[in-house]
Amino acid sequence: MLHVVRSEFTRLAQRRTLLVWFGLMALFAIMVNTVMGSAVGQMDPSMPSPGVSFPTRAELEAPGGLMAGLSAASNMFGVVTLSLWAFFTAQDYSSGLIRLLVAGEPRRWRLLAGKAIALVGVTAVAVTVAALANLVAAPAVGASGISTEAWGTDVPTVIGEAWVNLFLSQLVWGALGLVIAVLSRSAMVAVSIGVGYVLVVESLIRMVDGAPVDQLLGTTLGAIANGGTAAVAYSSALALGATYVIVGLVIAGIVFTRRDVTD
Amino acid sequence: MAVVTTTDLTRRFGPITALDAVTLELPPGGIIGLVGPNGSGKSTLIRVLLGLIRPTSGSATVFGHPITSPKRYASGVGTMIESPAFVASLSARANLVSLAHLHGTPMVRVDEVLAQVGLLGRDREPVRRFSLGMKQRLGIAAALLTDPDLLILDEPTNGLDPAGIVEIRGLLRGLARDGRTVIVSSHVLSELEAICDHLVVIRFGKLLFAGTMVELLGRTRDHIDIAPEHDADLERLATVLRDDGWELVPAEVGLRVLAGADRTAALNRAATAAGITLSRLAFAQDSLEELFLEMTGRVDGELAGARDAAEGKVA
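Note that the protein sequences, when read in sequence, are chains L and D.
Residue 262 is where the first sequence ends in numbering that gives the first Met the number 0, and the numbering goes up by one at each step.
Residue 314 is where the second sequence ends in numbering that gives the first Met the number 0, and the numbering goes up by one at each step.
Treat the hints with caution; some may be incorrect.
[Stated by the list, open to error] Anything over 10 Å on all C-beta distances counts as not near chain D; from chain L, calculated:
#, residue
1, Ser6
2, Thr9
3, Ala12
4, Val249
5, Thr261
[As the list claims (entries may be wrong)] Just so you have them, the derived chain D footprint on chain L, three or more residues with Cβ under 8 Å:
#, region
6, 86–95
7, 103–110
[Said to hold, decoys possible] Short derived list, chain D residues pointing at chain L, Cβ under 7 Å:
#, residue
8, Gly50
9, Leu51
10, Pro69
11, Thr78
12, Ile80
13, Val86
14, Ser90
15, Thr104
16, Val107
17, Ala175
18, Arg176
19, Gly178
No lab work stands behind these hints, which were simulated from the structure alone.
Because the structure is a prediction, the values reported are computed rather than measured.
The C-beta atom is built at its ideal place from N, Cα and C for all residues, glycine as well.
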């Protein structure tokens, strides 16, 4: 199994693509922190805009406000993560490499698991880049009149929790990209379906009275990134997120192990 | 022990039968040509042997292991399926390192195979900058990574210029001399006849021939090509010869009579007796290409397959 993971890591080391991935994570972290201070107070928190969910002034002025940019932009990070997981997965099909990989390692589930493990590793780096960029850009929030006095309290815990929450939410986003890419064998289709569903379809579902809003994937992802919300407890969000990932991976695994990878 | 055996191996894709009850046994060592027109089932046979697709019925073994357990023989088989496949943005070396990790192969093999295919000086360049010939060589290098006993190369000279083809042929000969079994597929027999010891010919999924090149050459026929001095006599000449018991086959120019060199004088006498002077009388043997076309048909395999599918026939 270690062989497969090392093989995947070697193929993931595509400098330009990784730079785009890490660069976008850093860019979004900086962008959100730059506009968050002025946006807070102007926006209605009950009406989150697609992609960004700004905290309230009270949340921003609390110790956790230091890393609030990560949870605020978690969906934007998620779109990037989904896209890159889908890209790296679909690349094996578009390049034709999948035939060589399957011929070399006939136990296909190992290939899928190896790819997922390698992508988890790179995602950890990408989340770290986002966290570092957030720390660099966070002072911009203070420049817009938000009190940052509480930010010095228990900094390691705040940073650690924010990192873990964002990382876990990104794993769900990434797994979504991987699963759809395995099923569709296309990065473009995977990104379109994944992003379209979470950002557009779920917004429409929320408008329907009586819809199970709290169980939706987007709601779950937001709750994980925020460490839980008023509507969805952190533990529930984690359990639901894990369920989505497991079900998705099982479906992808079944399809991948049975599919004719040569057509 | 045979390297590959198949018994009534059949694979269908919807109405198309890509492999039709193929039974064969491939001996170890040397170069084995797998030849047939486009769409004949060559690639399907390779895919089934590699465990990439399951047969509809029948069975097969590689190194004595059933194809239902490809993990038992995967490390002993190097392969290049269709076109060489790599991550274009990565260097040739990185691509091979990735595959070496997958196989659990020592990294020293990467340098060895790069040297073997003559890419050692260009291995740090991204694959996207490689010519088709260099990609083919890299594909063969990838197939050699595990130092396999069996190499299966699907059309390895596809897209290469004549010099590149000669180079790849030399490389394949060298690999066979080292004791490996090399299975090479091609839709052009002339590409294989110069290097193969053994040949498998298939068309529309059916096995037409499996045997040594010597056995195949034994199937070639002697013939005498003739042409009358005046074109107007051609039809009468054909009638006279048929009536006289000669066997005629279609020819592009004049007439082709199936007969050995010792019958040349008798043929000339038969024409003269009918009052026809021959302007051409040449003895020859069928070339392998002619024999191949005779066996596989003179119609493009894919076109014929598509036509049959459209008509609802099973190839």
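Hints not upheld, ascending by number
1, 2, 3, 5, 14, 15, 16, 17, 18, 19
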